[in-house]
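A.B. asks: Okay, here's what each chain looks like letter by letter:
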Amino acid sequence: AQSVTQLGSHVSVSEGALVLLRCNYSSSVPPYLFWYVQYPNQGLQLLLKYTSAATLVKGINDFEAEFKKSETSFHLTKPSAHMSDAAEYFCAVSDQGFQKLVFGTGTRLLVSP
Amino acid sequence: DAGITQSPRHKVTETGTPVTLRCHQTENHRYMYWYRQDPGHGLRLIHYSYGVKDTDKGEVSDGYSVSRSKTEDFLLTLESATSSQTSVYFCAISESAQNTEAFFGQGTRLTVV
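From first to last, the protein sequence lines stand for chains A and B.
Per the working numbering, residue 1 is the first one in the first sequence, and the count goes up by one each step.
Per the working numbering, residue 114 is the first one in the second sequence, and the count goes up by one each step.
Because the hints were derived from the structure by calculation, they are not lab data.
From the three backbone atoms N, C-alpha and C, an ideal C-beta is built for every residue, glycine too.
Errors might be hidden in some of the hints.
[Stated by the list, open to error] Below, computed lysine-lysine pairings styled on DSSO-like, alpha-carbon distance capped at 27 Å:
no.: 1; chain 1: B; residue 1: K170; chain 2: B; residue 2: K124
no.: 2; chain 1: B; residue 1: K183; chain 2: B; residue 2: K124
no.: 3; chain 1: A; residue 1: K69; chain 2: A; residue 2: K58
no.: 4; chain 1: A; residue 1: K100; chain 2: B; residue 2: K183
no.: 5; chain 1: B; residue 1: K170; chain 2: B; residue 2: K183
no.: 6; chain 1: A; residue 1: K100; chain 2: B; residue 2: K166
no.: 7; chain 1: B; residue 1: K183; chain 2: B; residue 2: K166
no.: 8; chain 1: A; residue 1: K100; chain 2: B; residue 2: K170
no.: 9; chain 1: A; residue 1: K100; chain 2: A; residue 2: K58
[Claimed, not checked] Covered stretches of chain A, going by a simulated chain B footprint (3 or more residues, C-beta under 8 Å):
no.: 10; segment: 41-52
no.: 11; segment: 103-111
From just these sequences and the hints, can you work out the full model?
C.D. replies: And the structure:
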C-alpha cells in the first residue's frame with residue numbers, strides 16, 4: 001500500500017527565503033505524486049504533479065518539485081517565499097492504475113516579514 | 114474553479130442522528146470521492162465512485178455509506194452520527210482514473226455533539 005510521510009508539521013521561513021517542504025513516499029508500483037495547497041477555510045488546490053515524465057516538475061506560483069526515485073522523495077521548493085504562500089501543503093501519492101490519492105499529514109508553512 | 118458544490122457548508126448534529134452530505138458537480142466527471150480531514154491525519158478517503166451506481170470503500174469507510182444515482186451527485190450518509198465523525202469533509206472529482214487532477218470542493222464542517 002502506498003503511503004506518504006511529510007517531515008515537519010510546521011515550517012517557518014522569512015519572506016524572500018527558500019522554501020523547502022519534504023515529502024517521502026512508499027509505493028510498490030511506479031507512483032503518481034502530487035502537491036496540493038490549502039488556504040484557510042478552503043478546499044485543496046493542485047500545485048504540481050509528477051506522472052513519470054520529467055523528474056523536475058514546475059508548478060504554479062514558482063513552486064517546483066523533484067522526483068528522486070533512489071531517495072523515494074518528492075520535496076517541494078520555492079526560491080523566494082512570499083507572505084501569500086502561508087498555507088498548509090499536502091503531498092499525495094496514487095498508483096498509476098487509479099487515482100485514489102493517499103495524503104500526507106500536511107505541513108503548515110508560516111512566512112514572517 | 115471546477116464546478117463542485119458541497120452542501121451544507123456547516124452542520125451541527127446530535128449523536129445518533131443520521132446525516133447526509135451532498136456533493137454536486139457540473140463538470141460531468143466520472144470519478145467522485147469523499148475525504149475527511151482531521152488534524153494530524155491529513156485527508157483520508159472514505160468512499161469513492163467510478164460511475165453511476167458504482168462505488169467502493171476507502172480507507173475509513175466504517176459508519177459511512179454513499180450513493181450515486183446521477184453523474185452529478187454523490188451523497189455521503191452517516192447512518193448514526195458519532196462524535197468521532199466530527200470533521201471537515203471534502204468532495205473531490207476527477208475526469209479519469211489516471212494522470213489527471215482531482216478538484217476539491219470547499220468542504221463541509223460537521224460537528225457531532
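A.B. asks: Of all the hints numbered above, which does this structure not satisfy? Sort the numbers upward.
C.D. replies: Nothing - there is no hint that the structure violates, so all of them hold.
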